[in-house]
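Student: Heads up: the sequence lines are chains A and B, in that order.
Going by the numbering used here, the first sequence opens with residue 1, and the numbers climb by one from there.
Going by the numbering used here, the second sequence opens with residue 1, and the numbers climb by one from there.
Just so you know, the hints here were simulated from the structure itself, not pulled from any lab data.
Each statement offered as a hint is correct.
Which copy? The list can't say, so a pair holds if one copy fits it or any two copies do.
Only pairs whose alpha carbons sit at most 27 Å apart, straight line, appear in this in silico DSSO-like list of lysine-lysine:
#1 K21 to K43
#2 K19 to K163
#3 K127 to K163
#4 K102 to K163
#5 K163 to K105
#6 K16 to K163
#7 K46 to K150
#8 K150 to K213
#9 K268 to K198
#10 K268 to K150
#11 K19 to K46
#12 K211 to K150
#13 K150 to K105
Computed from a prediction, not measured in an experiment: that's the story for all the values here.
These are the residues of each chain, in order.
There are 2 protein chains.
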Amino acid sequence: MIQIVSTVEEVRNIVKAEKAKGKSIGFVPTMGFLHEGHVSLIKKAKEENDFVVVSIFVNPTQFGPNEDYSIYPRDLDRDSKLSEHGGADLIFHPTVDIMYPKGSKTTVEVSDITERLCGASRPGHFKGVTTVVTKLFNIVAPHRAYFGEKDAQQLTVLQKMVKDLNVDIEIVPCPIVREEDGLAMSSRNVNLTSEDRKAALVLSRSLRTAKEKILQGEKNVGTIQSLIKSIIEEEPLVAIDYIEIVDGYTLEPIEAVNGKVLIALAAKVGKVRLIDNVIMEG
Amino acid sequence: MIQIVSTVEEVRNIVKAEKAKGKSIGFVPTMGFLHEGHVSLIKKAKEENDFVVVSIFVNPTQFGPNEDYSIYPRDLDRDSKLSEHGGADLIFHPTVDIMYPKGSKTTVEVSDITERLCGASRPGHFKGVTTVVTKLFNIVAPHRAYFGEKDAQQLTVLQKMVKDLNVDIEIVPCPIVREEDGLAMSSRNVNLTSEDRKAALVLSRSLRTAKEKILQGEKNVGTIQSLIKSIIEEEPLVAIDYIEIVDGYTLEPIEAVNGKVLIALAAKVGKVRLIDNVIMEG
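For reference, chain A alone in the conformation it holds in the complex (with noise of 0.2 Å):
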C-alpha cells in the first residue's frame, strides 16, 4: 500500500532521504476525488523523475462564501488506490489546521492576469491557490510539480509565480483529459445529476466548434465569441459566466486570433460551476 502522511515532518523527512539517495522528485499538487486526468499527471512525473508525491487538500483559502467548499467531493480510499496505480509513492494528505494553524497572516498574491476570467467571479480565489501552492512548494521541495491545463489559467499564473519568485521547480503543464463524449474530466461532475451531465456536453462541443472556425480561418475574436454563446444559449440548463479568447501566454485581450490563443469559458450546469478550454494556434 502507498504511504500516506499527514504531518510537513513526515513529508520532509521522507523527501529528503530519497533527494539523499540522489532520486529525482515529481510532484503532483491535488485537492483529491482523482479522475483520470489526475492518474495521467501522476504518471507523467512518474515517467520524468524518480519518487512521486501526490497532495490531497481541499484547500478552503481558495473557495468563495458562497461556493462548494463544503460539498468538494472527498474519498482518501478511492485517491490512495488511483494515486498507487499511477505510480506515486507518497501521498500528503494534510489536515487545515497542519496547513493554516490559527493566526496565519502570509499570502502570495499575483497582480493583473488573476482578475480576469475565472479571477472576476472568484475574487481571491487565486490568491488563494498561490499561497497554498507556495507552502506546498517549500513542504515538498520537488524538482518538477505537474498541473493539468484544464485549469489553464491556474496554470499560467502559477508559470508567472514561479519565475517572478525565482522558484526552483520546474512546472509541467499535461494535456486535458476528458471523457469519451467530449465532457473535460473534473472532479466536480460527479455532482452534476444525469440531466445536468447531457447539458454539460454543449461546452466541449462550443469549444470544438470555434476551434474549427478558427482552423477555417476565421480571426475576429467578437465573431467566434458570439458563436461559442450562441450555442451554449441552447442549452436551457447551462448559465454561461465567461467565454474569453485571450493570448496564450500572457492572458491579454486580444481582439484578432493570430498565434498561440487560449479559448476559455465558465458556466454553471445545475449547481455545479465548471470550465474548459482550448489552447491553439491560430
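Dock chain B against the given chain A, drawing on the hints supplied.
Tutor: Structure of chain B alone, referenced to chain A:
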C-alpha cells in the same frame, strides 16, 4: 579575493556544488554599505555554517516614493573587503533588472503585524521586504539566514512569513551592534551631519533610561512612553515618528509590561530616518 556574482544561475550553481559536497549554507541578506553590525552577522553565519553567502542589493520595492532610495549609500569595493573579513565565501550582487524583470507581478505579504510601527509610517515597506527576501531565499536556498535585531519588526515579520509559508530555512536573530557612544549602527548613519550625529545619541539614551525604569519596576506603558518622549523632545534636531512598547513576540499593543517586550522608536534626525530598540524581559 572573495567571489562576486550577479546572476541567479551563478549563485545557484555555486551553492548547489557546495551542498553536493555536504556543506551547510549560511546567508546574510543586506542592502550593502556594510558596518560592524553586518560583519557580526557574517561572522555568526560562518561559525554556524561551512559556506556563507552575502547578498548586496538595495531593494527599490521597500522604499516609499519620498524615501531615500536614491541617496542610500553604496560601495561594493568596501563591502567586498568587509564581507571577506567577516568570513563570507560569496557575494551575490544583482542588478534591479535581474531581481525585477519587466512585468514582475508577484508579491508576498504578511498582514496585521506589518501595519504597526514602521509599517504605519512606511506603507508597502514590509511587502517589499517579504517579497525580496522570498526571492533571495529561493535563489540562495540556504540552511540558515541571519538578521539583526536592530530591525526588530522586520525580524518578527520574516519569522512569521517563514512559519506561515513553511519555508525550510532557520532564521537566526543577532543582537544590535552599537558605536561606543551608544548609537545603533546603521548604513544610514553616514548621511548624518556632525550636528545630527551628536543629536542622534538621544535615541539610544532615551531607550537606556526606559530600560532602567522598567528594571526598577515601572510597568505602565504610557508612563514609559512619556518618559522616552520627554527625553527626545529636549533635542531640537530630532523629530519623533513613533515610540511604541509592544509584546516582544507578537508586536501586539500592551498596556502593562509583563514578560518579553519590544521598545521601538523611529525618528528623523535632520534628514535621516533612524530606528532603534530594546528587547527585554520586564
